[in-house]
Each structure stands twice: as C-alpha cells, then as structure tokens.
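Trainee: For reference, the chains in residue letters:
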Amino acid sequence: MKLVVKNLKKNFEKKEVLKDINFKFEKGKIYGLLGRNGAGKTTFFNCLNEDIEIDAGEFFIEDNGKQRKMESEDIGYVLSTPNVPEFLTAREFLKFFIDINKKRIKNEKTIDEYFDFMKIEKEDRDKLLKDYSHGMKNKMQMLVNIIANPNVLLLDEPLTSFDVVVAEEMKQMLREIKKDHIIIFSTHIMELALDLCDEIVILNKGILEEIDKNNLNNEQFKNKIIEALKEE
Amino acid sequence: MIETFITSFKLQNTYRTNSIIYSLKQLPLIKRILPNSLYKNKGLKIFAGIISILWEIINIFIGKVIYVATMIFMALSWYKTNQADTFIHLFVFLTLAGGILNTYMLNPTKDKYYAIILMNINAREYGLSNYYYQLIKLVVGFLPFTILFGMIAGVPLWIQISIPFFVLAIKLIVMNYMIYKFKNTNKATSENLPTKIVWSFVGVCLLLTYVLPFLGITINSTIFLCVLITAVILGMYSLIKIHHFKEYRKMYKQILTESNVYMQEKASGTQAIKDNSLKQIELDTKYTSNKTGFAYFHDLFVKRHRKILTEAVKKQSVVILVIIIAMIIGISVNDTFKSKTNEILLVYLPYFVFIMYLINRSSSVTQAMFMNCDHSMLTYRIYRTPKVILGIFKERLKTLITINLLPAFLIGGGLALLLYLSGGTDNPINYAILFVSIIAMSIFFSVHYLVMYYLLQPYNISTEMKSSTYKGVQGLTYIVSWYMIQIKMPIFGFGIATIVFCIAYSLISLFLAYKYAPKTFKLRI
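First to last, the protein sequences are chains A and B.
Sequence positions in the first sequence follow this note's numbering and run -5 to 226.
Sequence positions in the second sequence follow this note's numbering and run 22 to 546.
Next up, chain A with everything else stripped away, as it sits in the complex:
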C-alpha cells in the first residue's frame, strides 16, 4: 500500500507554501520529514488531514494497483500539543475509542493490555485526563491513534515532550508497528530522524525531496541534509 501525493499545491494569499509536492510514501517505512521553521511541514500535514483545502493536486491511497480516496478512517494525526477530552478518565477515553473503532481493530485487546503496551501506570488509568501531565496526554494521544489502526500515521514532533526513557520506549513501539502502517514523522531533531526513520524527506522552498543515504556514513549524511536544507 502507498500514499501517493501528486502536484499538491497550497498558497496563503500570494505566498506559495507548498509549490508542487510529488511523492509516494510506502507501507512499512518511517519517513522523517525535515524542514526549517515555517517551511510548511504542518501545512502539509493539515492538507493530508483535510483540515485545510488544497489549491491544486491530489492525494490518494494506492492498494494492489488500485487507487482510492483517502478516508477519515485511513488517517491518524498526532499533534505536537496533545489534545485529549479532559472530562474523561484515561480508561473511559480508551473504551470510547475502542467502541467506535470496533470493526477496524484486529486482535482487540483488553483496555489494561493497551495501558500495559503504552506503559501507563495502574494508578493513572482511572484519573481524569484533565489532571494528566503534558507527556502523559501525549502518550494517550499516541495510544488512541494506534488503536484506531489507521493506514497512515502523521506524527508532528511527537517525542519532544517525553522524557528520555519514554522517548526510547516510543521509538521502539513505532518500530514495532511500522510494518502495518505508513508513518510520516516530522521533527527538528536530526539525531532522532537518523536514528528512527528509514527515509529522510526534506521540505524546502515548497518542494518535497528524498535525500539518499547511498553509501554515506552518518556524519556525511547529516552534512548532506544540512546542505540541502540551507539551499536557497
């Protein structure tokens, strides 16, 4: 399965934020999306998530050679600022999510198994989400997006609010689930991108391009990425 983006354009008034995006994202890989501040990474995600209208172009799912529209169920979007319904407890939130995704969940587990998977402590499971810390809310957001089991997972700077231990656990978790998903991961942290992602894609001047690692070692690859990002 692939997510195909063709000639995607998005302008804000006269400013061309996304000029002409052409790319095929494949299942089983984590794509590291790098770009300078204001390059349009979030705009790109917002377009794919249909939060904003695109000005031209298209994107769709290609499955076994067949093209189809990307539906709401196909996409999960984890924002950098976590948003969870604060009037529910973590357990209630999960129950609701499992209820509405019943048909899509393969091998449904119990709620506590999901908590265990995300390493959320027993004493936190029945607390109102309103009293969760930033990092804990982020974990919950990630967890429900994984449970919903979307084909495409967009992650916008998701690991920055985690402490080092949790960040390691999350990376491990993403590696475990990547075989069933197309994961696009935006970040400013080069080390994280190199460590976790299978492909590095940079968004510069409204164009998306893949940076080939070829036979470069990490240091050389890093320099190549920085050069590409600096290009005017």
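Think of the hints as simulated: they come from the structure by calculation, not from any bench.
A portion of the hints provided could be inaccurate.
[Claimed, not checked] The calculated label-pair distances, taken between Cβ atoms and stated as ranges, are:
{"#": "1", "chain 1": "A", "residue 1": "F6", "chain 2": "B", "residue 2": "G514", "range": "50 to 58 angstroms"}
{"#": "2", "chain 1": "B", "residue 1": "N311", "chain 2": "A", "residue 2": "I171", "range": "47 to 55 angstroms"}
{"#": "3", "chain 1": "B", "residue 1": "E268", "chain 2": "A", "residue 2": "F6", "range": "39 to 47 angstroms"}
{"#": "4", "chain 1": "B", "residue 1": "Y526", "chain 2": "A", "residue 2": "N5", "range": "23 to 31 angstroms"}
{"#": "5", "chain 1": "A", "residue 1": "E204", "chain 2": "B", "residue 2": "K540", "range": "41 to 49 angstroms"}
{"#": "6", "chain 1": "B", "residue 1": "N62", "chain 2": "A", "residue 2": "H182", "range": "29 to 37 angstroms"}
{"#": "7", "chain 1": "A", "residue 1": "I171", "chain 2": "B", "residue 2": "T423", "range": "37 to 45 angstroms"}
{"#": "8", "chain 1": "B", "residue 1": "M140", "chain 2": "A", "residue 2": "R30", "range": "24 to 32 angstroms"}
{"#": "9", "chain 1": "A", "residue 1": "E204", "chain 2": "B", "residue 2": "T278", "range": "42 to 50 angstroms"}
{"#": "10", "chain 1": "A", "residue 1": "I171", "chain 2": "B", "residue 2": "L426", "range": "43 to 51 angstroms"}
{"#": "11", "chain 1": "A", "residue 1": "G32", "chain 2": "B", "residue 2": "N62", "range": "20 to 28 angstroms"}
[As the list claims (entries may be wrong)] Here are some of the chain B residues that sit facing chain A, going by a computed Cβ distance under 8 angstroms:
{"#": "12", "residue": "G162"}
{"#": "13", "residue": "T313"}
{"#": "14", "residue": "Y317"}
{"#": "15", "residue": "F318"}
{"#": "16", "residue": "F322"}
{"#": "17", "residue": "R325"}
{"#": "18", "residue": "C394"}
{"#": "19", "residue": "H396"}
{"#": "20", "residue": "T400"}
{"#": "21", "residue": "R402"}
{"#": "22", "residue": "V409"}
Bear in mind that the values here come from a model prediction, so they are computed numbers and not experimental data.
From the three backbone atoms N, C-alpha and C, an ideal C-beta is built for every residue, glycine too.
Following the hints, put chain B in place on chain A, whose structure we already have.
Mentor: Here is chain B on its own, set in the frame of chain A:
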C-alpha cells in the same frame, strides 16, 4: 517618564490600529478581498490611526456624560429634597464606591500586559505616566458635565468646578491605600476581582447614595466643603506617596497574569473561557455510564457537566415556579391584578420569545462542548467521520431539548394555568396553543444553537472564535428575539404562526445539519 509615556501611547495606537484592520478582515465577503499586506498599507494605517485618536478623545467624555446624566441627574427626580444638595450628595457617595472599584492603576488591561510583561518597559514609569494621563482625562472629562448638569440642578459654581477634583483626590487616596496594603502584605490583587469586603463597602455606599435622600437626609455645601478640604489634603499626601513608590514592577507582576488580563475579553473566548470551562468539569469519577459508543461518551459529558446542565436548569425551574405561585396568589387576592394579568396574557405571547431566548442554556452548553470536548476530539480524524459526528449530534440534540424542556413545561403550563385562573379566554384552544407554542420555542432555540454550532463551528484550535458569520447569527438571534418584545398579538394567531415556524425551521435545519455537518464540523485553521 514623558518618553515612556509617548512610547506607550504609540504602542497603544499601533495595536488599536491593527485591531481596526483586523476587524475589517473579519467581515464576511470583505475578508476575501483584503490581503494580509493591508497591515503595512500606509494610507489605511493613517486612517485607522485617526479613528483610533478620535476614539480616544470621544472616550474621555462619553463615559462621563452617561454617568453624570443617568446615575446622578436623572435620579434627582425621585427625591423631594433640595436638588442642589441631592446632586452633591449622590456625587460624593458614588465617588466613594467608584474610587474603590476603579483605580485605573490596578486594572489589568492588555496595554499594561503588553508593555510591562511582554516588552519589559519600565513598570514605574509606565504605570505612573499612564496613571497621571488617566487622572487628567478624568478631570477634563468630568468638568463640562459637572458644570452643565450642576448648573441645571442649581449647584453653586465653585462646587461644580471642584467636584472633578474631589473625584481625583478620592482616586489618589484609594490608590495610596492600596500601595500601603501592598507594602505590608506583599500581595496585590486585580481590581476586577473585588473581595467580599469591597463589595460590602460598595453596597453600603450605594445604599447611602440612593436611600438617604428618600429619608430626607443629604449633605449640603458646608459639609461638602469640609469633605473636599480633607480629601484634597489627603489626596496631595497620597500623590507624593504614589509618586515615590518604587516597587511597581513587583506589584504589576502579581496583577498582570494571563488569566487576569484575558478575563476582560469575554466575548472572544481564549484562555479565560477555556479555564472557566475546565472548572465546570466535576472531578467526581463516581459518575459512570453503562452505555456504549457515542451514547457512552455523551452520557459522561452530561454527567461531568451537571453544574452547567441539569443543575442550572433546576435552579431556573425553582425561580419560575416561585414566580408562578406568586402570580397565583396575586390573582386570588387582588381583582385589578387578576384582570390586568388576563389582559396581558392574551396579547403578550411574543414577549415570551425573548424570555425563552434568555433562559435557553444551549448557547453556553455548546461553548462548553467545544472547550471541554470537541476542541480536543476534533483533532482525531476518526471523530470527524460522518457516522461519529451524526451519532454524537443526535445524542446532544436529545439532551439539549430535554434539559431545556423542564423550564419550558413550567412556563407553558404556568401560563395556561394563570390564563385560566385570571378569567380564562373565549376560545379554549388558546390554552393548548399557549402551552405548545412555548414548548415549540424552547425546542426551536435548542435546535437552532446546536445546528449553528455544527454548521459554522466557529472556534480554532487555540479556542478563539474565528467566525464572523457565527457572531452575526448570534447577534441576529438576539435582535429578533428582542424585537418580539414590542409586538402585541393575540395568542391564537401568534401561537399558531410560532408553532408552524418552529417545526419548519427545526426540520429544515436538521436536514441541513445531517447533510453538511460532516463537512463543516471541524477545527478552524
């Protein structure tokens, strides 16, 4: 200090200008034509700048004239006491109340927040220079009207002229007291959050202002002279103290917190409303639900928001019940009251559109739905699938209609009962129409607010209200409901028309919601 003042004045003017341009850009249709580069358009900047300065000048006088005319001058006609003395009396006591409620200095405005907290301008220079400016505006603004209205009331000229300076002196004394308190306790509070003691003081002042003249007691020019001299001496002493106080920065750090500052803009949402909405969640996790899916989710929302949903409605119902019982007692003991009530009930049904508008909870409930629920849930794409959106919409519709129905039943039933007890009507069908049309109005407002919320979803992810269309619809709802007050129509005609309209409106809008909400119900970017 003058330099700081000029900088702050320019700063204030700049964002006032930008706000004018921003509001222009919020208007439907016009916003499509106007580009962002508008903010650097010189001609427009000058135009908006002139409006902003004109506003500043008008602002000096407008509040003062309204204040003197309504709170003092118009009140004179209630009393039989000497008009000039009463004028002085009202002014002196109102000034005491106003002095403690509004010091200028301790008001957490956005101007101060931007300048002192965000831009790090010297707090003492900023605070003092703006304070003096406010005080000058106060005297200049009051003077023409204390002279004008004072003259009409027959107040001696020296008092007409000295009243604004009396107000000035009181402001200074209160401010000096606040600084004295801060020095001793190290605690400063925003004047927009008055304590119970302050409210009690203001209450006593108001009682003394308006009740004493009824008893024939007022102060006179001689007493005023003594009060004035004392106030001026203390005021001058206070001015020196205020001017030499050093720790404005420390004081402002406590007052200019984000929640204090943004409490001011109630209309535009932002953090304060968000904070306030969060407070409405009841911590108690003992309320659970046996349902599943949307029903489960919604059921928990209702149970955790009992304060603004069911409990608010219960309180309303008690008030309505008390009014109805009072009316029944009135009818049974007084014949004039009885016939008057009957007369009013037969033609004042349109008035109840406004009452039903006022008591309907849906507007604040949809706001809480957004702040505490949809704001976060709409970021999940699965929540935006048609099935989920419409499933939750249905649950919400049921709840909104049901909770608003309780007071509607009481009002509808109560009105029909009052009509019967007060002498009845020629046409018995009027009882039914009265009852059903009140119920129809209640359902109409519930459907209206919910459908508008789903079709226009006006908020963005920072919980700011971004849709001018939504604000327009809200305004229009108010104007139409208010307009109904003026209409007098027989129950039969108006009632039937209302029922037909409410049914048709509800059906059409529900159809639109089902058709379009899956597309329109999302976060604004």
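Trainee: When the structure is checked against the list of hints, which entries are broken? Sort them ascending.
Mentor: When the structure is compared with the hints, numbers 2, 4, 5, 12 turn out to be violated.
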